[in-house]
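There are 2 protein chains.
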Amino acid sequence: MSRISPVLDRLDQNLDQSLERLFGLLGIRSISTDPAFAADCRKGAEWLVAELKLIGFDASVRDTPGHPMVVAHHEGPVGSPHVLFYGHYDVQPVDPIELWDTDPFAPSIKEIEPGRTVITGRGSADDKGQLMTFVEACRAWKQVHGNLPCRVTILFEGEEESGSPSLKPFLAANAAELKADFALVCDTSMWNRETPSICVSLRGMVGEEVTVKAANRDLHSGLYGGPAANPIRILAKALADIHDKDGHVTIPGFYDGVEETPSQVLKSWEGLDETAETLLGPVGLSIPAGEKGRSVLELTWARPTAEFNGIIGGYTGKGFKTVIAAEASAKVSFRLVHKQDPKTIRAAFQAFVRERIPGDCSVEFHPHGGSPAIQLSYDSPFLAKAKDALSDEWEKQAVTTGGGGSIPVVGDFQTYLGMESLLVGFGLDDDRIHSPNEKYELSSFHKGQRSWARILDALTR
Amino acid sequence: MSRISPVLDRLDQNLDQSLERLFGLLGIRSISTDPAFAADCRKGAEWLVAELKLIGFDASVRDTPGHPMVVAHHEGPVGSPHVLFYGHYDVQPVDPIELWDTDPFAPSIKEIEPGRTVITGRGSADDKGQLMTFVEACRAWKQVHGNLPCRVTILFEGEEESGSPSLKPFLAANAAELKADFALVCDTSMWNRETPSICVSLRGMVGEEVTVKAANRDLHSGLYGGPAANPIRILAKALADIHDKDGHVTIPGFYDGVEETPSQVLKSWEGLDETAETLLGPVGLSIPAGEKGRSVLELTWARPTAEFNGIIGGYTGKGFKTVIAAEASAKVSFRLVHKQDPKTIRAAFQAFVRERIPGDCSVEFHPHGGSPAIQLSYDSPFLAKAKDALSDEWEKQAVTTGGGGSIPVVGDFQTYLGMESLLVGFGLDDDRIHSPNEKYELSSFHKGQRSWARILDALTR
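Quick note, the sequences are listed as chains A and B, same order.
The opening residue of the first sequence carries number 0 in numbering that gives the first Met the number 0; numbering runs sequentially from there.
The opening residue of the second sequence carries number 0 in numbering that gives the first Met the number 0; numbering runs sequentially from there.
Simulated from the structure, these hints should not be mistaken for laboratory data.
Keep in mind that this is a model prediction, so the values were computed, not measured.
We put the CB at the ideal spot given by N, CA and C, even for glycine.
There may be inaccurate statements among the hints.
Claimed, not checked - Here are a few chain B residues that face chain A, going by a calculated C-beta distance under 7 angstroms:
no.	residue
1	229
2	280
3	283
Said to hold, decoys possible - Label-pair ranges, simulated between beta-carbon atoms:
no.	chain 1	residue 1	chain 2	residue 2	range
4	A	281	B	35	57 to 67 angstroms
5	B	354	A	414	43 to 53 angstroms
6	A	175	B	355	50 to 60 angstroms
All chains should be modelled from the sequences, with the hints used to inform the complete structure.
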């Protein structure tokens, strides 16, 4: 008999008690953004430390200038890998409270349609329900085998919903303690109700503000229109030059470090049935605007972009003013993939714009953040093992996905701990996180626990 | 002996009295934009009617819903041309009053440098001093010859500084009475202190606001960047396409109706020594941005433009927001010359933009005014005669200039009275109209009177 079967059986037997425990955590009003709930946040951290100690973790509440962290350690067999599990115990505010069908901090079980039961309450999906799937998996392993299959460090944050101000300093100050072979981050969704997924890439970003300056004051377009440089025209031309007619970015060197996505990965994405219609239809669009010949999922997960996030210049009030503005500016961002270097991209963009500025005009740049992309190798053995474990549990092939935006903690783990992350979660798109009537599927909670038990098993085999 | 010599002599003899009369008019606080001065405006109209009656005009104050008009008629010899003279008796407010060296409504004579004397006061240049040059010319003609050399109608407006709300309806209602062979408009400047000028062209304008709409809401650029259409990108591209690299406007049909300026006119403009350096230097620019190979004067006076007067879209506040906006808009204007048709230009621009809108996006247009260019024929006999008269008076060849912007009354005369205008004035660029310490050169006032006396003579010979 395999060593995982009795763990899974134990999780099935424990389900009711695990729900009771989750309800205990969900009852704590750990709203991190509102100082009035600071004591509740600490209570959440203390609750988790107590639970983890019961399981056998060396757990402690760790103070920060903000809400505390929870750090817990558990040894594994000699030579086993070391994983860091990340989740957050803080939750979003509950306003508007009148739109909730139930008390957000009095969780309940509800059958929303035949065969579909959910756990209600603030934090049920984001992220208390999710992090408890891992805690319960550890508990069952310990109960059945007296140990965990690998060395586990747990980091629970209490400020994720309020910008994680303490995270970077905490990682920097405790790098040696927290560094593991890789991280498991449980704050994401499944592809859909049937299909588990692992997110292995997140796009990086470079933000840049560009201001084109022409005359030393606003000019009358009748008196100066023709001879005088118009900064809106110069800016529009520079921005327009950034994409060719097929949606490629034309900045020299922009694609350096961009890799082609392996064909088997692209093929698996094709199977996800995400099309221009399904992605863009709900927002009123239908025609992919990015590089031609690539699917919407590839465009979002594995291709870089140049986007114009804001533009302003001249007279923008009601009516009309025949002015030639002294300056115009735009906020431009680049989503990066693979090995694109934020510094190189920023410099290349600046050079590209500078080349298009007439000799009597000038341009100024102001940086707004830059971070490289996160990309776990598609052929990572950890990835393959975790996928197999998920596929076994859900009886459906797990998919490898990417993320179009960034999840800061993943970049922080990379930066401060030199550690890659596997993003695995069991949320669903309709969980209404951050909104009234947040819920978490009972199947997510139950099969999530079983998934982690299997993943811990698989990673160490 | 010529018939003009004694008229000029009489003007020289009358100078002191003419100054006294001007001071009387300058003392009236006819600020049209401030309702507190409504009675002063009427007083200005009444003062002018009285003066004109003294000369022998059939003059009257004509009520409007706003400040009154002054209309005056004087017959000329049978078969002589009929000219309409236009000026305005209202003035700008005087704020900031503390910056005036003298009381704006207590005019004075001041020698500002050896040999250079000016008349100070609000309205001295704009436009009371100017309109009185014509009145004094008529007076001297009448005194010397008992008649005017041609039929003259005078129209003095009292709302020019507050948008002329009553002008169009007044012209429409009194078209038969006001229609003349052509108009003389005295509200402009000389080319410089030595060089008299006649402005015979004014560019027209089409204003258009364009709004590109993409998704039905703002999108997160991480989640949608790549597949989703970005309205700023679409708008920037459409605007950038409007000019080619040589500054030509690429909208099909845009140059229909644009004529090449006669080479002798271009040559006369070359003699004016207005260069990129002199025009653009003071505003911090140096490189003409319009159509290559044309002088800055030709670009401003005789070539059409497409200008972007305002643009806005997405996030434009402090910092950065990774948003893909739902819409972006720009205010675009075209300066028109010669026979360009505003309706055709507007339609061509709209078609040009529409062609560049992806199938899943939309565009909306909002018109902001449209008027054709004003262009008196360069070989008009009236123009030649007036130029000769000015050249005789100033002992320097008068130049034919254009205006880059519009002067609404000229278009209104065209529209409502089917009448062309010659724009002749004796202001200087440093007259500080609309500003504290407005002044009018004594030489402008004196030689301006003599110039009109000569022009009236020349036009009828």
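Each hint tested on the structure:
With a least beta-carbon distance of about 6 angstroms to chain A, the hint placing residue 229 of chain B at the interface is held under the 7 angstroms criterion. Proximity of residue 280 of chain B to chain A is violated relative to the hint, the smallest CB-CB distance being about 10 angstroms (cut-off 7 angstroms). For residue 283 of chain B, the shortest C-beta to C-beta distance to chain A is roughly 4 angstroms, which falls under 7 angstroms, so the interface hint holds. Taken as a hint, the range 57 to 67 angstroms holds for the pair residue 281 of chain A and residue 35 of chain B, whose Cβ atoms sit roughly 58 angstroms apart.
Range check, residue 354 of chain B to residue 414 of chain A: about 47 angstroms between beta-carbon atoms, so the 43 to 53 angstroms window is met. Remark: the range hint 50 to 60 angstroms for residue 175 of chain A to residue 355 of chain B is upheld by a beta-carbon distance near 57 angstroms.
Checked against the numbered hints given earlier, this structure breaks only hint 2.
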